[in-house]
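So you can see what is in the structure, the chains are spelled out below.
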Amino acid sequence: MTRRATGPRPPADLFGNWELGLLVFMALLYAAGAWINPDFFGSSGAFLAVLRDAARYGVMAVGMSFVIVNRDLDLSVGSTAGLVAVGFSMFYAPAIYDLPVWVAALLSVFLGGAIGLLNGVLVTKLKVPAFIATLAMLFIGRGLVLGVTGGKTIGYAGKAQADAFFLMGETNGLGFNNQIFVLLLVGVLGVYALGRTRWGYETYAVGGNALAAEYAGIPADRVRIRGFVLSALAATLAGLMAVAQDKTVTSQVGQGAELIVIAAVIVGGASILGGRGRVLGSCLGAILVVLIDKVLREGVPTVRTVTVGGVEMQIQGMMQLPPGAVPAFLGVILIAAVLIEPLLIRSGLLAGFWATLRGRPPPRVGISDGIAIVGAQTRGTRSSAREVGATWLGRIMARREFAAVALTVVLWVIGAVLRPDFWFSLDNSFNLLLAFTEVALLALGLTFVIANGDIDLSVGAVLAMSGAIAAFLMKEMGVSPPLAAVAAFTAGTLAGVVNGLLATRARLPAFVATLGMFYVARGIGAWLVSGRQLSGFPEGFNLIGRKLIEILIETGIAPAPGTIAYNVAAAVSVQTIVMAVIAVIAAIVLGKTGFGYAVIATGGNQRAAEYAGIDTRRVRFVSLVFSAMCASLAGIVYIAYLRSFNPSAGLLRELDAIASAIIGGASIFGGYGSIAGSLAGAAVITLIRALLSLQLLLPDGTSFVMPQHWVNVFIGLILIFAVLADIWFRQEGLVERIRAALAARRTRER
Amino acid sequence: MSTVPVVEMHGISKTFGAIKALHNVSFRLMPGEIIGLVGDNSAGKSTLMKVMTGAYQRDAGEVLVEGRPEQFRTPHDSRDSGIEMIYQDFALCGNMDIAQNIFLGRWPRRGLFIDRRRMYADAEAVLKRLKVDVNSVFQKVESLSGGRQQSVAIARAISFDPKVVVLDEPTANLSAMATERLLETMLELKQAGVAQVIISHRLTDIFHVGDRVMVLKRGQNVGERQIGDTSEEEVLEMIVKGTPQEEASDI
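Chains L and F are the protein sequences, given in the same order. Heads up, the first sequence is in my numbering, so the first residue is 1 and it goes up one at a time. Heads up, the second sequence is in my numbering, so the first residue is 751 and it goes up one at a time.
Keep in mind that the hints were calculated from the coordinates and are not lab data. Here a beta-carbon is modelled for each residue, glycine too, at the ideal position from N, C-alpha and C. Possibly wrong hints are sitting among the right ones.
[Stated by the list, open to error] So the derived list for chain F, only partly shown, Cβ under 7 Å to chain L, looks like this:
#1 PHE766
#2 TYR806
#3 LEU854
#4 GLY855
#5 LEU862
#6 LYS878
Isolated chain L, as found in the complex (with noise of 0.2 Å):
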């Protein structure tokens, strides 16, 4: 076996142009800031903390990059690290379970990895869309991480003195910290398992074209949830040491992680599209990443030179964003980074520039709607071709909208039994319809975009985003509330116009699209806010907010108190009605119109719709575009109810918009989708968070309620069980399946 083949030198596959140029970008990088602020730059010491920082985001883009070669993605890594450093230290804490420290270390990596093997299963035997799973994961995993700490910290700085464990976030002899080995070490394994054994080859060819490697005979599944439990793993790595280095822990721990780390293994040249990618590069990216964080949240010390009157005067000033506001610009880092590689690298345009340098030939371009692409298609639209021969398609979508409603009555008969004396309240009713509002609002734009085959992630944070917007420009600046308003919605709206160019003409994924969105739109609006409080807008405003009886009063035309028609009036606010009006002409337009068939069509089939001459490209734009209009509109009504702009605003709302157009009967796959059923799910998804929420009377006297946290938890749940439930029950056809198989069993018998 020594036969040494001889043949022509293969090429450098560990290491290539694009970590030379990372490189180089680095080191310009740092002298910049070495020449800016010598007192951050300038040490060895800063220099030695930013590859400490960058150390654990390193080991967790050394997962990441396995499960984005494999054309999937995981944006749990951060509450896995935050769940798993609560873990261990709940286990390992004096006050708690006070177990020996390698068993807390186990019993971590076990949780990591469970949580690894969870999201790699519901990707792959269970089918659901990676993005929503780990994003449901995310939330859950955070719930749970506040919920067990309950917000406190948990400190063991005394026990951890006798343990060499925690010498791995210690600084060593030779003065820089254990972290950094620990990094050279995972990325050295990471480096040669992708680049260099059968599964790093075996994840190429899974995300470069699924179909191709399953009849080459690679098992696609298990390299998928192989990705996903590598990922969760380093994610646990990467919580111990953080609980090494702190010997305390925080319900922070991990938090906004999988935004740095996506961003390291995407500026370190993996394509979001799979199948492209190294691991020497997603390192280097997640030190770039973290540089290029410090230098954000670190602020620069500014001297600009004035002339004034004849006379140089130098102002100190210190350049500083507000924490909030970080996210922000790693957005558009995340987005950039992602269009580098259908815009300079497939398009051949760099390489052309090169050539043309050298006095070459440019080089062959790459059919950019080559293979690799046309494996994704060919994913969603197999349920959608199956349906469409069924000619009982019509009672298959009564039936989508069936199950919401009667979710809806079932629910508040719950309430009802569980609290009569305040579930018909007024109050009760007038709070379920403003939650519910702000849902259906936000599920009537998702509607469209999810009948389209995409998704938006950024409703929440563009919700956010008016609503600073609009409580800025008139308590700041001292706008008309009409043109807050307007300016506002404005912004909102172009929110969806990136979005959509993004999606369409940059033919990025939705989700990755409205991923960076996410981010970036809610940094502007931490930025706007950071820490001013904003409230006490014009009435003129805050009547958008209000119930319909008190405009009834003012107008003198209120029914008399007691009636019926009063009753409705003090349980409606004029943005019900608002949102009421919307629903009605977004209904007619999905339900009725060529544009609503043409968003159905391309969410079912967009090929065959573009055959059909539909512009894909513009209903999609469109959708989108709407998506971000209902959101800004939502954020304008929130702060007009609220009468201040809450920093929390809208969070955690996508998961709920969207878990309540696919409990409505929308497809996550696209293709199907109806505002009727959208309401029906939005008013099942406030139920649920009314009933979680709900102050139970105990029959001993005392009363219970379930804390926020627990409750976030159980949405993230309801929304991996709705699309489990859609792809399972109406997709897969399981029922039937069942059926279809005892029925064969039964005359087989026979």
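Please arrange chain F on chain L, whose structure you already have, making use of the hints.
Okay, now just chain F, sitting in the frame of chain L:
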């Protein structure tokens, strides 16, 4: 030449729900023979081949490979028996290079790591055997033209040393020159004793390389001709007007 058919199928039937895709179809392929499978869309050509390779499970009938009855569960089973199928979309990974695609899923290894030198050297050897000209085995498949991509798919197929190669619409996406080259390759494979089935709409291609042509219509066999004894017009008429020869196979 041996007189045992390399593949034989009798009375194959296959239904998808209410649709009868294949009804009582028989098929015979001799070693080194090239048979053209023709018919309208939905005539059952691809279905018949997928039943042969085990991608579909037949409802009735039997499949014999070199006289032995076989029950292929998946295309991997039939690959072990020497049957290779080249799919219309080639089933390649565009992001990987030529050698990595030829050895897709069975990359040679040295210990834990992929033996890249051997992989590229072997790929070079396979391509030489096929006499296709690709600039280098390091080229990414997506940067190749349709014809070259197909060459890679064929190289992948013959690297298994198959007895039978099935080509599904091989010339559908090829230029005239690439088609010419493909037909030459097929004749060379025939010289090496590889039996081939070519599913195609282009009768000219089949008449150029084929020994025999088999016509399917609505899932039934409507006739077979030796290429030497027939004309494109006659085959075309069978495709359009042919009636099933059920009586013949029932007796």
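Evaluated hints:
Hint status for PHE766(F): violated, given a least beta-carbon distance of 10 Å to chain L, over 7 Å. Hint on TYR806(F) is violated. Least Cβ distance to chain L is approximately 14 Å, over the 7 Å limit. Taking 7 Å as the C-beta contact cut-off toward chain L, the hint placing LEU854(F) at the interface holds, the least distance being around 4 Å. Using the Cβ-Cβ criterion of 7 Å, the hint placing GLY855(F) at the interface with chain L is satisfied: the shortest such distance is roughly 3 Å.
At a threshold of 7 Å, the smallest CB-CB gap from LEU862(F) to chain L is about 6 Å, leaving the interface hint in force. The interface hint given for LYS878(F) is violated, since its Cβ lies 12 Å from the closest Cβ of chain L, which is over the 7 Å cut-off.
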